[in-house]
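Knowing the structure of chain H, use the given hints to seat chain P on it.
Number of protein chains: 2
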Amino acid sequence: MRIALGQFNAVVGDLAGNAEKMRQIYARAVEADVDLLAFPELAICGYPPEDLLYKRHFLRDCSLALEKLAADCPDKTVIVGFAEGEVGKSYNSAAVIRGGKVHKVYRKGMLPNYGVFDERRYFNPGAKPLVINIEGLDVAVTICFDIWNIRWLRKFLAGDDRIRMILNISASPFHTGKIRAREKVINACANELNCAVAYCNLVGGQDELVFDGRSIFADSTGRLVAKAKAFDEDLLIADVISAADGTVLIEPVEPAARQPTDSVDEIYLALVLGTKDYARKNGFKKVLLGLSGGVDSSVTAAIAVVALGSENVVGISMPSEFNSPETISDAEKLAGNLGIEFHTIPIGPILGQFHKSLQTIEGWSDEGIAYENLQARIRGCILMSLSNRFGSLVLTTGNKSETAVGYSTLYGDTAGGFGIIKDVPKTTIYELAKHINKVGGRQIIPEDVITRPPSAELAPNQKDSDSLPDYDLLDKILKGYVEEDKSVTELVTEGLPEDVVHKVIRMVDRNEYKRRLSPPGIKITPKAFGKDRRLPITNRYSQNQDTV
Amino acid sequence: MRIALGQFNAVVGDLAGNAEKMRQIYARAVEADVDLLAFPELAICGYPPEDLLYKRHFLRDCSLALEKLAADCPDKTVIVGFAEGEVGKSYNSAAVIRGGKVHKVYRKGMLPNYGVFDERRYFNPGAKPLVINIEGLDVAVTICFDIWNIRWLRKFLAGDDRIRMILNISASPFHTGKIRAREKVINACANELNCAVAYCNLVGGQDELVFDGRSIFADSTGRLVAKAKAFDEDLLIADVISAADGTVLIEPVEPAARQPTDSVDEIYLALVLGTKDYARKNGFKKVLLGLSGGVDSSVTAAIAVVALGSENVVGISMPSEFNSPETISDAEKLAGNLGIEFHTIPIGPILGQFHKSLQTIEGWSDEGIAYENLQARIRGCILMSLSNRFGSLVLTTGNKSETAVGYSTLYGDTAGGFGIIKDVPKTTIYELAKHINKVGGRQIIPEDVITRPPSAELAPNQKDSDSLPDYDLLDKILKGYVEEDKSVTELVTEGLPEDVVHKVIRMVDRNEYKRRLSPPGIKITPKAFGKDRRLPITNRYSQNQDTV
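As given, the protein sequences belong to chains H and P, one line each in that order. Residue numbers for the first sequence follow this note's numbering, so the first one is 632 and each next one is one higher. Residue numbers for the second sequence follow this note's numbering, so the first one is 632 and each next one is one higher.
Next up, chain H with everything else stripped away, as it sits in the complex (with noise of 0.2 angstroms):
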């Protein structure tokens, strides 16, 4: 028996889009003489697609979408996710397609809602499981989170002990440690119902999320025997072969797809897909970025040169009289060895003018803080207007220590469509800088952009430690706070300074407001600012916390 897993990139609301690349995929499934291809959860609409789950017509024309590809696929067993309505209840489903049509459907019994999901707020969950026969071989359909709680899972599939194979169909989104997760409850699944396992994981990037593909088969015993491309389409295909003694094997059927080397490869990879994803999927060509020499501009620069060409980035320097003259040679050298289009446009004219207007109110001054962020603002509105004038994408290049602490200027350089490093902690910044220059085989990002300690320059002899504690310190004390929702005490008791501590916790709830209003960015944490984290702008909890 041979099963396909057809790990496609699906963009969420084109159905008709969906379903032509899936027929694709069904013809080259044919050739190789499957007898069952399996797609991701959702495949049909795309995951996820939210609100428009609350549109009657959107179901409709998704069981219109799935009805026809099942027409369209009459030679083998298919099973595609879709979303399925019924009168004033949705359900998470997978359809079986047979002989031209679907033949029955699963419904999704586990419905996560916590993270960045929320299935309870559309579904309804089923209650029924489904087993279908295939060559004999007898499998139970499930879908995404049905198999992360084992214990749920032997219930729901107690009594029908002549299953040997587990389906999973899937939307599960990447973040650094989440395939060794995956690879766990895989594992754990295979040896508790002692039965192999044929995983088939959604691909590509929608809005703050990057699903990584990586599908995989296991046998009976838990073993991992193949695994699917990571970050990319692939149609993964393997032998299954029962024993006698009850053991189900796998053999696959093509040598094992290239994985990442390390899991700074793999955020680099999440990166390059989520940035060529958001553009492409949204219809823009080129995207825009203001090169300012230090390491976070350049990290994003060098990224989305490699999703979507060198020929679609345009840096600009936008200097002013307190950016030194390394910087400003850093920004075109990096511009040169990335061979992209690049400006310079001095700000200095534009922000005397602004000063010369301002002072006509009472109290406001060249030094200080809003002098500082105006510098900010200046450059947001040139890249704006130079997005507006272009049709071009104006790629943010905040990262996540300072998204976490507020470090940014509202409407200045948080101006733009997309941040590519908003979740990527100062400290990997510059180990991806690295491994951007080893896989480039060259100096790409040149080597004082590395080294040099880092400033905002908005202000003479400015620098970020001026401001904020190390990042090494930082970056352990927002992974405890933000991704774990530690307690001072918990943070304090681990040995962070407690002094340090307040004022970080102090600086993250105070910014809640401008992390609200921060254009979306690639998630690679257990826990990203955005859907993933909610939290209330107006909020006292922070000043008392632990205090009570």
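It cannot be assumed that every hint is accurate.
Computed cross-link-like contacts, DSSO-like style, restricted to lysine-lysine with a CA-CA straight-line distance of at most 30 angstroms [said to hold, decoys possible]: (1) Lys1162(P) - Lys1110(H); (2) Lys1134(P) - Lys686(H); (3) Lys1145(H) - Lys1162(P); (4) Lys1094(H) - Lys1134(H); (5) Lys907(P) - Lys1162(H); (6) Lys720(H) - Lys759(P); (7) Lys759(P) - Lys686(H); (8) Lys809(P) - Lys720(H); (9) Lys1158(H) - Lys1162(P); (10) Lys1134(H) - Lys1110(P); (11) Lys907(H) - Lys720(P); (12) Lys907(P) - Lys1069(P); (13) Lys916(H) - Lys686(P); (14) Lys916(P) - Lys1134(H); (15) Lys1145(H) - Lys1145(P); (16) Lys809(P) - Lys1158(P); (17) Lys686(P) - Lys815(H); (18) Lys815(H) - Lys720(P); (19) Lys1162(H) - Lys699(P); (20) Lys1158(H) - Lys686(P); (21) Lys686(H) - Lys916(P); (22) Lys786(H) - Lys786(P); (23) Lys809(P) - Lys907(H); (24) Lys686(H) - Lys1145(P); (25) Lys786(P) - Lys720(H); (26) Lys1110(H) - Lys720(P); (27) Lys652(P) - Lys720(P); (28) Lys686(H) - Lys1110(P); (29) Lys720(P) - Lys1162(H); (30) Lys652(H) - Lys916(H); (31) Lys907(P) - Lys1134(H); (32) Lys1145(H) - Lys907(P); (33) Lys1110(H) - Lys686(P).
FYI, nobody ran anything at the bench for these hints, they're computed from the structure.
Showing chain P alone in chain H's frame:
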């Protein structure tokens, strides 16, 4: 038997402050010799606390605050909402305080997870009803959504026909028409269960939401006997009389509170409270806004003055060559009528300098959308600079109609901290303008501002009607598409012109990214932009809907 409903303005996260308020209300209730005092849902921590509920120390602090409050309220029965954390599980609970201790706990059974509600993200549903006896009367304790599904509630309480009163503690946010829905629910609850109803609602603004109070007593015939103040704190006290035939009558101890005169008055009061609370709870004394002489900024300024006082509102006129002498003079006239600080900063010189600098890029032009948007962005920069310098909150002035179709400049007129009229359709803005003059008893907003055809004044002789359909038609389409999730077919069937419907829907869908980046504003309609309506930015359905 005497009951008091302590409708008060809680602040999210301010555990100590909320408890202190409740202690003061308790003292008044003791003076009034009540037998039972009820506070709103999650009164200890405010509603909604969102991801604060993911912090274990937050849940622990809620429990500590509850125990302290209980110790301070030893002489009466008090019902208070709190977030209850157990190992791995959390509940939206009501504590029954008696004898200075938490005597019993009821856990909310129906958890809303639609619209602005995410309760399944945080809470597990409770499974057991709680009936307490107060002076011989059996009272079932319920929380908010529990009474909105009367079939569920009847089943949940089945088997206890001694219950004579339903006590419901709520945090039910305002939108126009909501009070009628609430009254219907309370009436149905009384009639179907043959019980009196005591309904205690929260009051106050919390980010996008305004809770309108209007706590209610209904007798067991379903008659609404007493209603607390709208959009203000109140302590509603009534005597409960059990008649021999099982009827439960209610007698309020004080004359009825004044209620809003009509739906425009309701919206007006919601905006005033929402503005006041957003500013005050976030520590802003002053606000700042651009005054164009148009109706949107005029209404925004007028509401800010009522909310915060004329001494705390600053208006800035930022004319260009495209602004007519009439609108410029109307802005000044409005500021005079409101008695607010007023400054004029012409943007011409700054615009000229930007143009000069941008001309170095081939293809830049002083005609077209980029040049128009630049003017709005310069204004945004000026306002944000003054905000940074003087610590004032910048109010944005976009209404719901233009927010919907993206008739605004990202990081231009959308730059600010809070949008008072963000959820108010343009047609309602005009009604509000007239209402403001009526309530003020004089012409606060100049007549011209109300009668002049609206214009963004970013190009010569520009009118909104050059780019947009008539606002009456636009608002009808938006209500159907945005608030009611209707399809093109449905809208056209209702008599709306197909070409305009298509055009408007395309504009709404294409501008999701812009809305994602606009500051919070006050929800006044059944579906506001923001967490009430969660659509993907990357979304191809818009282009194809109804055409599969």
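(message) Between the alpha carbons of Lys907(P) and Lys1134(H), is the straight-line distance 30 angstroms or under?
(response) holds, 28 angstroms
(request) Would you mind confirming whether the straight-line C-alpha gap from Lys1110(H) to Lys720(P) stays at or under 30 angstroms? (result) Holds. Lys1110(H) to Lys720(P) sits at ~23 angstroms (cutoff 30 angstroms).
(message) What's the verdict on Lys652(H) and Lys916(H), does the C-alpha distance respect the 30 angstroms limit or exceed it?
(response) The given pair, whose Cα atoms are some 22 angstroms apart, holds under the 30 angstroms limit.
(message) Holds or violated: Lys786(H) and Lys786(P), Cα atoms, limit 30 angstroms.
(response) Between Lys786(H) and Lys786(P) the Cα gap is close to 27 angstroms, so the pair holds against 30 angstroms.
(request) Starting from Lys720(H), check that the Cα of Lys759(P) is at most 30 angstroms away, please. (result) The hint holds at about 26 angstroms.
(message) Between the alpha carbons of Lys686(H) and Lys1110(P), is the straight-line distance 30 angstroms or under?
(response) Distance ~14 angstroms between Lys686(H) and Lys1110(P) Cα, so the pair holds.
(message) Holds or violated: Lys1145(H) and Lys1162(P), Cα atoms, limit 30 angstroms.
(response) holds, 17 angstroms
(request) Quickly compare the C-alpha distance for Lys1134(P) and Lys686(H) to 30 angstroms and report which way the hint goes. (result) Distance of about 19 angstroms is within 30 angstroms: holds.
(message) For Lys809(P) and Lys720(H), compute the direct alpha-carbon distance and say whether it is at most 30 angstroms.
(response) Within the cut-off at roughly 24 angstroms; holds.
(message) Holds or violated: Lys1094(H) and Lys1134(H), Cα atoms, limit 30 angstroms.
(response) Within the cut-off at roughly 18 angstroms; holds.
(request) Could you grab the alpha-carbon distance between Lys907(P) and Lys1069(P) and see if it respects the 30 angstroms cut-off? (result) Holds. Lys907(P) to Lys1069(P) sits at ~21 angstroms (cutoff 30 angstroms).
(request) With a cut-off of 30 angstroms on the C-alpha distance, tell me whether Lys1158(H) and Lys686(P) pass. (result) Holds, at roughly 14 angstroms.
Violated hints, listed in ascending order, are 7, 10, 11, 13, 19, 21 and 23; each of the other numbered hints is respected by the structure.
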